[in-house]
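Student: Following the hints, position chain B against chain A.
Protein chains: 2
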Amino acid sequence: MSTGRTLTRQLAERIAGSEPLKDTRAVEAARAGVLDWLASTLAARDDAGAAGIIAALGIGAGGTGNGRSSVPGRPERLAALDAALVNGYLSHALDYDDVHESVRGHPSAVILSALLAEAEERDAAGSEFLAAYIVGVEAMCRLGLALGPKPYEAGWHSTAILGALGAAAACARLIGLDAATTAQALGLAATQAGGLRVHFGTQVKPLHAGLAARSGLLAARLAEAGIAGAEEPLEGPLGFFAALGGGAAKPEKMTEGWGEPWQIAEPGLWFKRYPCCSASHHAADAALAIRAARRAADITAIDRVTVTFPPGGDAALIVREPKTGVEGRFSVEYVIAAALADGELGIGTFADEPIRPDLLALAAKVERRYDAAVVPAPNAMPKERFTIVSVAYADGSTHTERVDCPRGAPGRPLTAEERMDKYVDAARGLSAAWQELPGKVGRLEQLTDMHVLIPNT
Amino acid sequence: MSTGRTLTRQLAERIAGSEPLKDTRAVEAARAGVLDWLASTLAARDDAGAAGIIAALGIGAGGTGNGRSSVPGRPERLAALDAALVNGYLSHALDYDDVHESVRGHPSAVILSALLAEAEERDAAGSEFLAAYIVGVEAMCRLGLALGPKPYEAGWHSTAILGALGAAAACARLIGLDAATTAQALGLAATQAGGLRVHFGTQVKPLHAGLAARSGLLAARLAEAGIAGAEEPLEGPLGFFAALGGGAAKPEKMTEGWGEPWQIAEPGLWFKRYPCCSASHHAADAALAIRAARRAADITAIDRVTVTFPPGGDAALIVREPKTGVEGRFSVEYVIAAALADGELGIGTFADEPIRPDLLALAAKVERRYDAAVVPAPNAMPKERFTIVSVAYADGSTHTERVDCPRGAPGRPLTAEERMDKYVDAARGLSAAWQELPGKVGRLEQLTDMHVLIPNT
Chain A
1 MSTGRTLTRQ
11 LAERIAGSEP
21 LKDTRAVEAA
31 RAGVLDWLAS
41 TLAARDDAGA
51 AGIIAALGIG
61 AGGTGNGRSS
71 VPGRPERLAA
81 LDAALVNGYL
91 SHALDYDDVH
101 ESVRGHPSAV
111 ILSALLAEAE
121 ERDAAGSEFL
131 AAYIVGVEAM
141 CRLGLALGPK
151 PYEAGWHSTA
161 ILGALGAAAA
171 CARLIGLDAA
181 TTAQALGLAA
191 TQAGGLRVHF
201 GTQVKPLHAG
211 LAARSGLLAA
221 RLAEAGIAGA
231 EEPLEGPLGF
241 FAALGGGAAK
251 PEKMTEGWGE
261 PWQIAEPGLW
271 FKRYPCCSAS
281 HHAADAALAI
291 RAARRAADIT
301 AIDRVTVTFP
311 PGGDAALIVR
321 EPKTGVEGRF
331 SVEYVIAAAL
341 ADGELGIGTF
351 ADEPIRPDLL
361 ALAAKVERRY
371 DAAVVPAPNA
381 MPKERFTIVS
391 VAYADGSTHT
401 ERVDCPRGAP
411 GRPLTAEERM
421 DKYVDAARGL
431 SAAWQELPGK
441 VGRLEQLTDM
451 HVLIPNT
Chain B
1 MSTGRTLTRQ
11 LAERIAGSEP
21 LKDTRAVEAA
31 RAGVLDWLAS
41 TLAARDDAGA
51 AGIIAALGIG
61 AGGTGNGRSS
71 VPGRPERLAA
81 LDAALVNGYL
91 SHALDYDDVH
101 ESVRGHPSAV
111 ILSALLAEAE
121 ERDAAGSEFL
131 AAYIVGVEAM
141 CRLGLALGPK
151 PYEAGWHSTA
161 ILGALGAAAA
171 CARLIGLDAA
181 TTAQALGLAA
191 TQAGGLRVHF
201 GTQVKPLHAG
211 LAARSGLLAA
221 RLAEAGIAGA
231 EEPLEGPLGF
241 FAALGGGAAK
251 PEKMTEGWGE
261 PWQIAEPGLW
271 FKRYPCCSAS
281 HHAADAALAI
291 RAARRAADIT
301 AIDRVTVTFP
311 PGGDAALIVR
321 EPKTGVEGRF
331 SVEYVIAAAL
341 ADGELGIGTF
351 ADEPIRPDLL
361 ALAAKVERRY
371 DAAVVPAPNA
381 MPKERFTIVS
391 VAYADGSTHT
401 ERVDCPRGAP
411 GRPLTAEERM
421 DKYVDAARGL
431 SAAWQELPGK
441 VGRLEQLTDM
451 HVLIPNT
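Protein sequence lines correspond, in order, to chains A and B. In this text, residue positions in the first sequence follow UniProt numbering: the first is 1, and each later residue adds one. In this text, residue positions in the second sequence follow UniProt numbering: the first is 1, and each later residue adds one.
One or more of the hints may lead you astray.
Identical copies look the same in the list; a pair holds intra-copy or inter-copy alike.
Derived lysine to any residue pairs resembling SDA-like cross-links, with alpha carbons at most 20 Å apart [to be verified]:
1) 440 - 417
2) 323 - 228
3) 250 - 145
4) 150 - 237
5) 250 - 154
6) 150 - 247
7) 440 - 123
8) 150 - 245
9) 383 - 267
10) 383 - 411
11) 150 - 236
12) 150 - 248
13) 365 - 342
14) 440 - 28
15) 22 - 445
16) 250 - 235
It should be emphasised that the hints constitute simulated quantities derived from the structure, not laboratory data.
So here's chain A without its partners, still in its complex pose (with noise of 0.2 Å):
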């Protein structure tokens, strides 16, 4: 469709035009994402991060806001706009949300963040919201694809600056912009990307996701209010692609394959299982299934334990000898002790609180090494990952675990149980509405108004 019009105009026309409604697996990966997001948010109510965030808008301590959007699990009703950046904020701050592979990088954390914030600022219906996070998902992973990887090795964090296009899309979407009208959104979008990996393991990591939620907003209310800018802004020699990608990226990939299949349905949403480092979940598995094997073992009895990854592959994983959980989720010694001693790697786990010195101890006795030998499995997440556990006892016996594809990941996903208990544990302690929340999930295309989903309490 289309072809004499700009590559823009085209990305816009599928973003106003799709009907990803039809397709049930791309509405019920959607509806295991909302899920997800609302798991990794409320999991994150309480992280002082937000306060601040809060304060610097200028909404007084004790004040509520003078808006109608929701922050999940926290009292304040705030202007959307607002609202898209706290709540980006919270569902990123434990690195617990979900992880796309065409991204590189976190969708709903910005996605779903604007999109719940608008969503409730106008009323929008169930089917509204869905078709828009589908299609808001599917702009990002095509933009990130078009990309590719160039940006994130020159410094650019890809949640943040695919991610206010992603949330322009899908917000466009949510207002019912026409395609000239989403066209403009991308642009006000592209021209406001940015946020640098120089912040990764501080608090402004997840502060970029929200910026991008509310970047993204913003483009499309401004689109909304006639705002123009440049008729292509993201190819040409002046654009986004040349200014962020250095020449590499492939704009026509950004419309190539569209919606077929729908990637939030595949190659599909990682949910992680574990709110720590993905790199760190191959060996949170490997422990854990050391564990169940040997239950009736004391900690005390392991002498040592191996973890072994391809060269590189423990890049992320930055801390060695971490003090509190919120290092150790950074840390794998940290994430191997915690899974034999606990068999669980919950919320809890990751507390901004001191380790406990008996996983400190444990911790101590974990050694990396590297193996460049190794052939990793056809359905490694990331591709040519793996990472082996070996714990050797007392008694002289060893148990080793390999892992290449984690639980969680597209090619292990989790089952319904388990997005459930995920859920469960993070909305621990709150009212009864809360509790009831998954089953309004389950049917979230029916409800008429997204107020509906969230509880006042």
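Tutor: Then chain B, alone, in the frame of chain A:
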């Protein structure tokens, strides 16, 4: 000082600790900058884009917002973050605002837009406001010198990417953040930096100034609230300079020669005499000189006009056949025609209305030429630039004028009277309180709070 600290921290120490009010020239330049910013903003007060932006922010039609910060010439009182955005847009909407060589763009549109909004919110004194402005311009200029021309060539808009940092520096100073927190504010601004040149010639260009103003203020507020990112966000392999400067940046220039002299005074701000693209100001001066010398001449007596540039010297003047005054802002043909016909280039010259038939006819007689053999003057602004306008009359006579450094540029500054005229022209039709405002700007450092400056009506 502090050679053992990171470069960002050294910059932050200068932002937090300098005493710019001791420098009379800097204070005088800052007062002139404030008056010129007010003129540029007031001249654009009826711009339709501002209403669109205010609508996108969720402030309903007829509403006046729910904050304490002004948008000069408009009725709204907005939250400071929103006011920063609208102010930034309006002050740059006519391309009438100041320019600085070290920035390759517009410092005050971003810095003062954020600073006035936050000064009103915090009841800051005039002296604090002026000091923060001088320091913010210094930081933005030094960051521009450090970043170099590469990002602009790659498609980034200098005003936007440097502006967020300049505004953050100014607001951090106004708020009174210590050096460590100011360094965090700079990192939070750097990670929000964005803005693509692909939008030049559209409303999105001035919007960039507003977005940068808002981002810079938000960065300072987030740092104040304790949100913390990387210790060294600018330098290093993944930092701001690496991501945007493509390896060509010279980070040490951030602090080299800080305040010696202050950049706001030397090389100094370029105050525009006409609300049109600065690349057309040379031709404007030349055409007005010809008109002044040939006062009696009827424009129908003009046979032909040639305008000669160095090759590429007219790159910014992208419109050759404008239909409206707005388009004429970027057309040297129209600028010359209006100057020859009317003897002045005012706000009305570039209104969003169809161009008069007599001016269309004269603009059609203008021909562009290029000459690589002309040697530019040492004070040419920008460097290597000249423009020669030659008018041939029906009686066989010709009149030629050449301008290498236009009026308003640091090499040929406007007189105090000319600067006042610009304000008076911009404030025409406003209440008496607005007419008295230049007197208040003249004693700005004595004002107890900045609400005194901006009239309520």
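Student: Does each hint fit the structure? Answer for all of them.
Tutor: The hints, checked one at a time:
For the identical chains of this complex, residue 440 and residue 417 are intra-copy neighbours only, at 16 Å inside a copy versus 69 Å across copies, given an alpha-carbon limit of 20 Å. Taking CA atoms no more than 20 Å apart as the test, residue 323 paired with residue 228 passes between copies only; the shortest distance there is 18 Å, against 50 Å inside one copy. Taking the shortest Cα distances, residue 250 and residue 145 sit within 20 Å of each other inside one copy (8 Å), while across copies they are farther apart (33 Å). Taking CA atoms no more than 20 Å apart as the test, residue 150 paired with residue 237 passes in both settings, with 17 Å inside one copy and 14 Å between copies.
Both within a single protomer and between protomers do residue 250 and residue 154 lie at most 20 Å apart by alpha-carbon distance, with minima of 17 Å and 17 Å respectively. Within a single copy, residue 150 and residue 247 get their C-alpha atoms as close as 9 Å, and across copies as close as 15 Å, so both meet the 20 Å cut-off. With identical chains, the CA atoms of residue 440 and residue 123 are at most 20 Å apart within one copy only, with a shortest distance of 16 Å there and 48 Å across copies. Taking the shortest alpha-carbon separations for residue 150 and residue 245, both the intra-copy value of 6 Å and the inter-copy value of 15 Å come in at or below 20 Å.
Taking CA atoms no more than 20 Å apart as the test, residue 383 paired with residue 267 passes inside one copy only; the shortest distance there is 13 Å, against 54 Å between copies. For the homomeric pair residue 383 and residue 411, the shortest alpha-carbon distance inside one copy (11 Å) is at most 20 Å, but the shortest distance between copies (60 Å) is not. With identical chains, the CA atoms of residue 150 and residue 236 are at most 20 Å apart both within one copy (17 Å) and between copies (18 Å). In this assembly of identical chains, residue 150 and residue 248 lie within 20 Å of each other by CA distance both inside one copy and across copies; the values are 7 Å within and 18 Å between.
In this assembly of identical chains, residue 365 and residue 342 lie within 20 Å of each other by CA distance solely inside one copy; the values are 16 Å within and 85 Å between copies. Taking the shortest alpha-carbon separations for residue 440 and residue 28, only the intra-copy value of 13 Å comes in at or below 20 Å, while the best inter-copy value is 64 Å. In this assembly of identical chains, the alpha carbons of residue 22 and residue 445 lie at most 20 Å apart only when taken from the same copy (12 Å versus 65 Å across copies). Proximity of residue 250 and residue 235 under a CA criterion of 20 Å is satisfied intra-copy only: 9 Å inside one chain copy versus 30 Å between copies.
Hint compliance for this structure: every hint is met.
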